[in-house]
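Construct all of the structure, not just a fragment, from the sequences and the given hints.
Chain by chain, the residues run as shown.
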Amino acid sequence: MIRTEKLEVRTKGENDIINITQKVDSILQKLGAKEGIANLFLQSTTSALTIIEYEEGLLTDFPRTLERLAPKNAPYEHEKAWGDGNAHSHMRSSLIGVSMTVPVIDGRLALGQWQSIVLTEFDVRPRKRTVIVQFVSSSSTE
Amino acid sequence: MIRTEKLEVRTKGENDIINITQKVDSILQKLGAKEGIANLFLQSTTSALTIIEYEEGLLTDFPRTLERLAPKNAPYEHEKAWGDGNAHSHMRSSLIGVSMTVPVIDGRLALGQWQSIVLTEFDVRPRKRTVIVQFVSSSSTE
Amino acid sequence: MIRTEKLEVRTKGENDIINITQKVDSILQKLGAKEGIANLFLQSTTSALTIIEYEEGLLTDFPRTLERLAPKNAPYEHEKAWGDGNAHSHMRSSLIGVSMTVPVIDGRLALGQWQSIVLTEFDVRPRKRTVIVQFVSSSSTE
Chain X
376 MIRTEKLEVR TKGENDIINI TQKVDSILQK LGAKEGIANL FLQSTTSALT
426 IIEYEEGLLT DFPRTLERLA PKNAPYEHEK AWGDGNAHSH MRSSLIGVSM
476 TVPVIDGRLA LGQWQSIVLT EFDVRPRKRT VIVQFVSSSS TE
Chain S
376 MIRTEKLEVR TKGENDIINI TQKVDSILQK LGAKEGIANL FLQSTTSALT
426 IIEYEEGLLT DFPRTLERLA PKNAPYEHEK AWGDGNAHSH MRSSLIGVSM
476 TVPVIDGRLA LGQWQSIVLT EFDVRPRKRT VIVQFVSSSS TE
Chain V
376 MIRTEKLEVR TKGENDIINI TQKVDSILQK LGAKEGIANL FLQSTTSALT
426 IIEYEEGLLT DFPRTLERLA PKNAPYEHEK AWGDGNAHSH MRSSLIGVSM
476 TVPVIDGRLA LGQWQSIVLT EFDVRPRKRT VIVQFVSSSS TE
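Chains as they are written, first to last, in this note's numbering: chain X, 376 to 517; chain S, 376 to 517; chain V, 376 to 517.
Each statement offered as a hint is correct.
Note that the list lumps identical chains together, so a pair holds whenever it fits in one copy or between two copies.
Simulated pairs of lysine-lysine, DSSO-like, Cα-Cα distance not exceeding 27 Å:
id, residue 1, residue 2
1, LYS398, LYS381
2, LYS381, LYS409
3, LYS398, LYS409
Simulated from the structure, these hints should not be mistaken for laboratory data.
Right, here's the structure in full:
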């Protein structure tokens, strides 16, 4: 059995890191999820999904680390062609990824104690993002 | 219900970035996919799967970004032992990853407007790659 | 049909890279897996799952590459606040990721010839880690 829902998330722009754990959990509860897999997929090329301990220091450190990997002001061919200032955002999205599969046990996301699922905005302006949330469960009496 | 297919992809060597979106979509249509999840898995340690906007500038920028992360000419123990010139290719593959799960809705990959699924070749010579494509759907009347 | 198991892994601390392929394969055999998908999820924010050729040189090269991406001694806000010396471990975990889906064919993980699934410990001390292993298969006579 597979159920598909959409989660809309509004971001404030670059380096906004939004904890979506509870919203995903709410969708699973609405679907009556018990045991299965939650597949999360972000429909974007300038933001990403990852897992992090949602702690203030790390929320500052993570964008700084990404600045080392794909600096905002490095020379990018995409920027020369389009001038929209977000080539680094594309790089970061392709590095981190937009797809994630999380176990569901006893109706809840089976996350570790410190794990939060986050949407990290890399684009340079506020965006409205769509995360597709799918729940796969056993087909029988569950 | 789970169906498993294989997609063979020939690459031209280092930094060849191949858009496999339409080929995966064709497999899903052949399988009669409606709603479910497409699991993609690349059987390789020197190439990777990711999602990117398939735009000429970004296709140049992405390899340059990876050169910053795992430079071709950095000293690598793997290179000292084997001398096959692709230690950086291994690093890049392990960083980006080879596994991805994409929602399928109404028989199509539920990608965002600008998202393309790509196989990025990091190895230093042309290779023949295998992507395993699995489709998981509800078991009933579908 | 979905089955969920847990795999406990003890690590020796920073940069211990543990090949868990055979243990995952054993779980799948215990479950009588034939064709389906293995979903692996590591309940951690300071270690990660990835795929690599399990070769001595690469096992040295990979931590060195991560040191370039998120240096141990860079200034981190997390470190200023908590002083537990593992801010870089958090960064590396969020970059590499903790979730992976691997095809199962004929009862075995459908890995490429050189692919091994590894748990890479980034934390600065030995840890006991939990990997959730789920197997999704067709529901009928399989």
